[in-house]
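Visitor: What follows is each chain in one-letter form.
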Amino acid sequence: MGSFLTNPALFIGGLIAIASPIIIHLLNKRRFKRVDWAAMDFLLEAQKLNRRKIKLEEFILLLMRCLAMGLIGFLLARPFFSSGGGGGLFDGARYERIVVLDDSLSMQAKAGGQTSMETAKLALEKWVNELVGAGADDSLTLVLSSQPGRTIYDSQPLNGNSEAEILDDIKNLESSDGSGDLDGALAFVEQKIADGDASVNRVVYLLSDLRERDWAGSGESADAGVVERMKRIADVVAGCFVIDVGEEGEENLVVEEIAAIDKALVAGVTTNFEVVVRNRGTRPALDVKVRFAADESLPLDGTIDRIEPGQTGSVPFTFTFAPAIDDEGEPEPVAIRASLAGISGDLLDEDNTRFFPARTVRGIQTLVVDGDPNGSFGRGETFFLRRALAPEGSTESGVVVDVVDDNDFETLDLNAYQVIYIANLYRISEARVASLEEWVRGGGGLVFTLGDQIDEEFYNQVLYRGGEGLFPATLERIGGDETEETWGYFKIEKANHPVMQYFREENIKLLEGVKVFRWWECVPNASALAEGRSEVVLSFTGGEQAPAMIDSKFGDGRVMVMATPMDPDWSNWPEEAPSFIITAQEMTRYMARSNAKAGQIAVGQPITHELDLTKAKPDVTVTTPAGNPERVPARPPAGASASTTLWNIEYDDTSRRGFYKIGLEGSGDASQERTVLFAANIDPGESALRRVPPANLALDLGEKVTLIDAGQPVFELRPAEAKFEIWKPVLYVLAALLCIELLYGWWLGARR
Amino acid sequence: MAATQTPNYLDPKVLERIKRLDVRARHVVEGFITGAHRSPYNGFAIEFAGHREYSPGDELKHIDWNVWAKTDRLYIKEYEEETNLKSTIIVDCSKSMAYRGHAWRKFDYAATTAASLTHLLQRQQDSVGLVTFDTKVVANLPPSSRPNHLKQMVDVLEKTELDDKTDVGDVFLDLAQQIRQRGMVILISDFFADLDKLRESLQQFRLRRHEVIVMHVMDDDEINFPFEDHTRFIGLESIDEVHADPRALRKSYLKIVNEYMRKTRKLCDGLGVDYKLLNTKEPLDAALTSYLAFRKRHTRKGRSR
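Sequence lines, in order, name chains A and B.
Quick note: the first sequence uses this note's numbering, first residue 1, plus one each step.
Quick note: the second sequence uses this note's numbering, first residue 753, plus one each step.
Hints are supplied without guarantee of correctness; some may be wrong.
Derived pair list, reagent style BS3-like, types lysine-lysine, alpha-carbon separation capped at 25 Å [to be verified]:
| hint | chain 1 | residue 1 | chain 2 | residue 2 |
| --- | --- | --- | --- | --- |
| 1 | A | Lys48 | B | Lys917 |
| 2 | A | Lys29 | B | Lys1003 |
| 3 | B | Lys1033 | B | Lys1007 |
| 4 | B | Lys1003 | A | Lys33 |
| 5 | A | Lys33 | B | Lys1033 |
| 6 | A | Lys110 | A | Lys126 |
Just so you know, these hints were derived from the structure itself, not from any lab.
Only chain B is shown next, with the shape it has when bound in the complex (with noise of 0.2 Å):
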C-alpha cells in the first residue's frame, strides 16, 4: 500500500474525530510507523520500535511480515531484551489543560499522546506507567508490560475529570520518591507553574537518576495569541478576567510566553532533561519522534556501557 494513500493518522484534526483513546492511539503508533509523518525521522521509528533493516543473512523468522505487507520493505524485528526500559508517563490534568483551541483541548492531546507512546513501549515490551496529577496525584499506574495495560491507562485517562489548578511542586516531589527504580520518566504537561518549583521537581528526579523528557503542551492560542476582536479572557484555575483589545497585548503577551518556554527550556536543559515543545495543532509525531531521538541515545549510551 503506497504511504500517500494510508489516512494522515498523526493529522490532530483526523484525531479528534477518533473518540476512542486506544483508537486513537494505535492510529498514531500506524501512522507513526508506516512513514505516513512529516518527521524528519523517518525510519528512524522503525528502528527505534526494534525493527532495523534486513540485511542477507537475517533469519527470515525473524522478518515483520506486517511492516512488509504495508510498506514492500523487509525490517527484522529486534528483541525485547535490547530494550528493557521502565517508562512512567505523567499527564497534566489541571484545569489549565481544558483549554480548547481550534482543535482540541490540550489533555485531549496530552492523553492521546501518552496513550501513543504508551502502545509504543508495548510493542517494545516496555513497561509503562501512568500518573495523571493536577495539585496533587490523581491516578497512578504503576508501569507495566502486560497487553491489558494500555487499556487501563486508556481507560484512566477518558475517566479524567479536569477541575483543579497545577502544582508541580509538592506532587513531583512526592513522585519522584515514589518512582524508585530508575527508568524514563516522560512528562506531559502545559508547566503553567512556577519555574523553581519545576526546578526542585526535575531535579529530584534526575538525582534519582532518572531519565526525564518534558513534553510541553500549548495551544497554538498560547503560542501564537491570534486573537483580534474585543475579548474578555475568564482564568480557567483563577477567577482573574481580563478585558481588553488582543491587538494591543499581543506583543507583550507573546513576548512573556516566550521568555517563559526559553526559561523552561534552558531550566530543562540545564538539568539535562530532555524539552519539546508540543503545539496541539502540529501532528502528533513531533512527540513521537522526540522519544525515539531520546531513546536512540539512551540505548546507545546503554550500550556503550
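This is chain A alone, in the form it adopts within the complex (with noise of 0.2 Å):
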C-alpha cells in the first residue's frame, strides 16, 4: 500500500470511515414515528410495488455516500502512480535531469581510445539530443565534482532553443586537474532536492570512474560518504543511476615530489634536488626517465632503474642557479620542471610533470653577534668565522654575513635574518632573549659558541632556565688543558646529521686534525635527548667524553650548540681549514630557515603574499598556466590599522596545475619590477586510479541505485519510480460524486 499512497494510514482512516454513512442510515431507521394505520392493505400493496425500486435507491445513495468517504481518505493519502504502474500511460512526464559529473584529474585517464571524461561527455551528448528530439520537455541540472557549490546548468529547459548552447558548454567541459569532492557535489544536489518542489519528478545520474579515491571507503565498509548519500538520494527521487565511465587498469607514474635537499635556494650556488617518482600500478616500471629543466635551460636527464609496485623511486639532479643580477632585491625566480620521459602504458599523463617555484634568495641572511671583538686583524672572535661564511672570491658561498658587537645586537630587527651566530657573548638582555625565543620559534636557526666570556649562571639560569629556555644544556665548567699540552679531538656521535654528512669516509680525516684544548662542559636536558628533541652531533674525546655540538630543536627553529668557540683560541680548528669552512657552512645551510617550500600549493588552493607597500604598488598583474595576466588588487588584512603597508594579495582560480607568477611593480625608493612564483600542482592521491569493483558497489548501493556501464544507452533508462500524484482527479472525481449524490437525492425527493 505505501507503494502507491503517499499517507497510507489516512487511507486506512477512509476506509473505516467508509462505515459512517451506514451507520448513520442504520440509527436513522431507529428513529421512527409510530402511526396505527387503518388503510393498511393500501400501504402493504404499496410497498410491494415498490420494496424493489426503493431497496435499490437506498443503495445507490449509501453507495455513494461510502464511496464519498472512501475517496476522501483515498485523497488525503495523496495517492501516485509510478512510471511503470502507470503502464506507459504517464511516460510523458517531465523529469528534472540533475547529472553530477566527476571531472577529476582521474577523469583525464584514458584506456581504451579515449578519456573518460571524453566518454561522459559523449553520453551527455547522446542523451541532450535524443531529450530534445523526443520533445520530452525536461529540464537540466548540471553539477561539477569541482564545483561542488554551485551549478553549471540550474533546471534549464531542454528544448530546441536551448540545445545548441548547451551542447556547446558540453563540448568545452574539461577536466579540473583538482581531485573533485564528489561527496561535496552530492551534498549539494541533495539539499538542492530537499530545498526543491517535492512534486518535481527527478532523476539523478552520477557520471563517474569509479576510483576508489573518490568513493573513499565504497565497497568495503557502511560508512561511505558518497555511497550513503546516493542512497538517500535514490529514496526521495523518481530514478538514480551511477553510470560508470572509466576502464580498468590502473597502470600509473607520478612524478609525486621534487625536493630541495638543501634548504636554502641561493642564487649562484649549486643545489641539490631529488625527483621522486611512484609506481601506482600493479607492474613494476623500468628504466623510468626523468627530466628536470629550469626555466629556459637545458634539461637534465636521469633514470630510475626500477621502482616496485606502490613504490616510490628517486633520482639526484644538481642545479646550480644563476647568479644574482644586480646588488638589490631579490634574484627572479626559477621554475622548475620535473616530468616522465617516454615512457609507455602509463594511462594518466597530467601527473607525469611536477612544478617546482625556486625562489632563489641573493644568500642566507646570516648574523654573527661577536661576544669579543678586537680589532686586530685575525684576533676578532668572528674573524675566522664570518671568512668561512662568506669567502672573498669569485665563487658565491650562498651565505651574506652581517658581524655586529652585542650593543647593535640589541636593537636589531631579527626578521631579516635566516641564521644567527652568538659568539661568545657574555649576556643577552632579558628583552633580545625574548624576541630570540620567539624568532627561533618562528623558524630562525640559532647558534652559540661558547668560550671564555660566558657568563654560565646566565646561560644555565635565564638561557637554560630548567630545560625551557633556548639553551639545549646546562653548563658545567670549562674542561680541557687550559695549558694546552693536551688535547681532544671531534668525534661524530651523528654521522648522518647534515652537519656531519660530508665528513664521511676519506673526508672524516679532515676532522681527525682538529685539536680541542678547552671546552665548556655542558649537560644537555636529559628529557629532551630522550624525546629526540636534542641530539649530540659532536663529543669530545679524552677524558669524559663531553658534548661538542648539540643541535636542538625550538619551536619550528633549531638552537646549535658549540661548546668551542670557533676562533683560535681554544683550537687549532680555523687553521684545519677545510673541515672549519664546510662546518660552518653545512650548519649555516642546516640551520637556515627553509625557502625550498615557500609558494608550493595544490590546485585550487588560493594564493595569497604579502605586499610591502613600501617596496611595490598595490595594483600586481597575475599569470595563469594558460598565460593569461589578470590585474589583481591587493587589499589590507581585515582588522589592520589604516597606516599599514603590509597588504594581501589573494587569488582564487587556481585550478590548473602549472606556474602562477604574480608581478609586482617598484615603488618608492625600489622601482624595479619583480616576480614572485607560485607553482599548483596536482595532488598526487588523485593518480591512485584503482577502482572500486562495480559487483560490490552495485550491492552496497542497493536496489534504488542502478549502476551501469556507461556502454549501456545510458538515457533511455526509465526511472524506476515516477511519482505522479493524482489526487487532483481524486478530487474532482470526488466533487462530481458528492453533486451526483446530491442531485440524486433531489431527484428522489421531488419525485416521491
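Take the two lone chains and join them into the complex the hints point to.
Guide: What follows is the structure, encoded as C-alpha cells:
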C-alpha cells in the first residue's frame, strides 16, 4: 500500500470512515414514528410495488456516500502512480535531470582510446540530443565535482532553443586538475532536492570513473559517504543512476615530489634536488626516465632503474642557479619542471609533470654577534667564522654575513636574518632573549659558540631556564687543558646528521686533525635527549666524553651549541680550514629557514602573498599557467590599522596546474619590477587509479540506485519510480460524486 | 345576528371540542341552517329543511320566526307531509374507523354526521333509524320520528366500541333484508372492504328500491399520506406492519388509494348510489349538502309521480 500512497494511514482512516454512512443509515432507521394505521392494505400494496425500487435507490445513495468517504480518505492519502505502474500512460511525464559529473583529474585517464571525461561528455551530448528530439520537455541541472557548491545549469529547459548552447558547453567541459569533491557535490544536490518542490519528478545521474579515492570506503565499509548519500538521494527521487565512465587499469607513474635537499635556494649556488616518482600500477616500472628542466636551461635527464608497484623511486639532480644580476633586491625565481619522458602504458599523463617554484635568495642572511670583538687583524672572535661563511672571491658561498657587537645586537630586526651566530657573548638582555626565543620558534636557526666570555650562571638560569629556554644544556665548567699540552679531538656521534654528511669515508680525516684544548662541559637536557628533541652531533674525546656540538629543536626553529669557540682561542680548528669552512657552511645551511617549499600550493588552493607597499605598488598582475594575465589589487588585512603598509594579494582561481606568476611593480625607492612565483601541483592521490569493484559497489548501492556501464544506452533508462500524484483527479471525481449524490437525492425527493 | 359573528359550528376543530354528540349535532345543524358554512348550496338547506322564502300572500302563522330572528329573513315552514321518508343511517364502527389523524377519529366524524343528519331529518318530521356494524350488526334502532329518538341514537353512538374488523358483505345483506320498507339508506363508512362484496350489498339495497347515499369517510392522512419521517405503520384491523420511509411509498400509495376511491365512486355510480367522499379535516357541511341535494332530487321525483 505504501508504494502508491504517500500517507497510507489516512487511507485506512478513510476505509474506516466508509462505515459512517451505513451507521448513520442504521441509526436513522432506529428513529421512527409509530402510527396505528387503518388503510393498511393500500400501504402493503404500495410497499410491495416499490420494495425493490426503494431498496435499489437507498443502496445507490448509500453506495455513493460510502464511496465519497472512501475517496476522501484516498485523497488525503495522496495517491500516486509510478511510471511503471502507469502502464505507459505517464511515460510522458516531465523530469528534472540532475547530472553530477566527476571532473576530477583521474577522469583524464585514457584507456581504450579515449579519456573517461570524453566518454562522459559523449554520453551527455547523446542524451541531450535524444531528449530534445523526443520533445520530452525536461530540464537539466549540471553539477561538477570540482565545483560542488554551484550549478553549471540549474533546471535549464531542454528544448530546441537551448540545445545548441548546452551541447557547446558540454563540448567545452574539461577535467579539472584538482581532486574534486564528489561527496560535496552530492551533498549540494541533496540539499537542492530537499529545498525544491516535492512534486517535481527528478532523476539523478552520477557520471564517475569509480576511482577508489573518490568513493572512499565504497564497497568496503558501511560508512562510505558517497554511497550513503546516493542511497539517501535515491529515496526521494524518481530514479537514481551511477554511470561508470571509467575503464579498468591502474598503470600509472606519477612525479610525486621535487625535493630540494638543501634548505636554502641560493642564487649562484649549486643546489641538490631529488625527484621522487611513485609507481601507482600493478607492475614494476623499469628504466623510468626523468627530465629536470629549469626555465630555459638545458634539461637534465636521469633514470630510475626500477620502481616496484606501490613504491617510489628517486633520482638526484644538481642545479646551479644563476647568480643575482644586481646587488639589490631578490633574484628572479626559477621555474623548475620535473617530468617523465618516453614512458608507455601510462594511463594518466597529467601527473607526469611536477612544478617547483625555486625562489632563490641572494644568500642566507646570517648575523654573527661578536661577543669578544678585537680590532686587531685575525684576533676577533668572529674573524675566521665570517670568512668561513662568506669567503672572498668569485665563488658564491650562498651566505650573506653581517657582523655586529652586543650593543648593536640589542636593537637589530632579527627577521632580516635566517641564521644568527652568538659567538662567545657574555650576556643578553632579557628583552632580547624574549625576541630571540620568538624568532627561533618562528623558524630561525640560532648557533651559540661558547668561549671564555660566557657567564655560565646567566646561560644556565636565563637561557637554559630549567630546560624551558633556548639553550639545550647546562654549563658545568670549562674543561680541557689550559696549558694546551693535552687536547681532545672531535668525535662524530651522528654521522648522518646534515652538518656531518660531508665527513664520511675518507673525508673523516678532515676532522681528525682538529685539536681542541678547552671546551665548556655541558650537560644536555636529558628529557629533550630522550624525546629526540636534542641530539649530540659531535663530542670531545679524551677524558669524559663531553658534547662538542648539540643540535636542538625549539619551536619551528633550531638551536645549536658549539661547546668550543669557532676561533683559535681554544682549538686549532680554524687552521684546519677545510673542516672549519665545511662545518660553518653546512651548519649555516642546515640552520637556515628553508625557502624551498615557499610558493608551492595544491591545485585549487588560493594564493596569498604579503605585499609591502613601501616596496611595491598595490596593483599586481597574476599570470596563469595558460598565460593569461589578470590585474589583481592588493587589500589591507581585515582589522588592520589604516596606516599598515603590509597588504595581502589573494587569488582564488588556481584550478589549473602549473606556474602562477605575480608581477610586482616597484614603488618608493624600489623601482624595479619583480616576480613572485607560485606552483600549483596536483594532489598525488588523484594518481591512484584503482577502481572500486563495480559488483561490490552495486551491492552497496542497493536496489534503488542502478549502476550501469557507460556503454549501455544510458539515458534511455526510465526511472524506476516516477511519482505522479493523482490527488487532483481524485478530487474532481469526489466533487462529481458529491454533486451526483446531491442531485440524485433531490430528484428522488422531488419524485416522491 | 350577522352570520359572520356566529361560531363555525361545522368546523371539525370546533366540533371536536364539543364532547356531547347531541349538542354537537345541534350545532352542526344550526350552523348549516343559518348559512354559517362554505357550502355552495347556501340557502338550499333551508329549502331542504322545509322552508321556502316568504312570498306575499303566505299565511303569517307559517313563518318560522326562529329563522327570522337569526337571519332577518322571512321563511315559511313546509308541512311535514311533503317530507315523509323513512331513513336508515348505517354507521361503520369497525376498528379502522378509530384512526385519528389531526382532529378526531373517523368514527367521531361519522357519528357526528349521523347525529346531525338525524337531527336535521327529525326537524322534517322524518323517521330515522340507526344501525352500527363491523363484522356484524352491533346496534339497530328502527326508524322513528319521536323526539327522544335522537337521544337514543346519540346514546348508542357514544357507547359504541370500535374493536373489530370491517365486513360489509354479510352484514349488508342481512340489513337489506331487514329494511323492508322502501326508504333512504345512508351508509357512513371508510369502506376498507372488498369492493365486490360492497357491490353486492349495495345492489341488494337497490333491488329493494331503497335510495342509497354512500358517505365515504376518510381521514386526510389516508387521502394525502403526508408523512415525512421514517414511520412504523401498525395495522388497526390486522397484525401487519410496515416500516418505511413514507416518502418512498407516497406516490404509489396515493395512486392506489385514489384508484380505490375512484372504483368505489364508479361502483356507486353504476348502481345509482350517491357517493360523497368526506374528509375528516373538512367541515361537515359537505355531508349535509349532499344529503340535501339527494333529498331534493328525490322530492322532485316524488312530486313528479
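Visitor: Please verify whether lysine 1003(B) and lysine 33(A) have alpha carbons no more than 25 Å apart.
Guide: holds (20 Å)
Visitor: Taken at face value, is the distance from the CA of lysine 1007(B) to the CA of lysine 1033(B) at most 25 Å?
Guide: Holds. Lysine 1033(B) to lysine 1007(B) sits at ~20 Å (cutoff 25 Å).
Visitor: Are the Cα atoms of lysine 29(A) and lysine 1003(B) separated by 25 Å or less?
Guide: holds (21 Å)
Visitor: Need the status of pair lysine 33(A), lysine 1033(B): alpha-carbon distance at most 25 Å?
Guide: With a Cα-Cα distance of about 21 Å, the restraint between lysine 33(A) and lysine 1033(B) holds, given a limit of 25 Å.
Visitor: Hint check: lysine 48(A) vs lysine 917(B), CA-CA at most 25 Å. Holds or violated?
Guide: holds (23 Å)
Visitor: Assess, step by step, whether the Cα of lysine 110(A) is no farther than 25 Å from the Cα of lysine 126(A), and give holds or violated.
Guide: holds (20 Å)
Comparing the model with each earlier hint shows no violations; every hint is respected.
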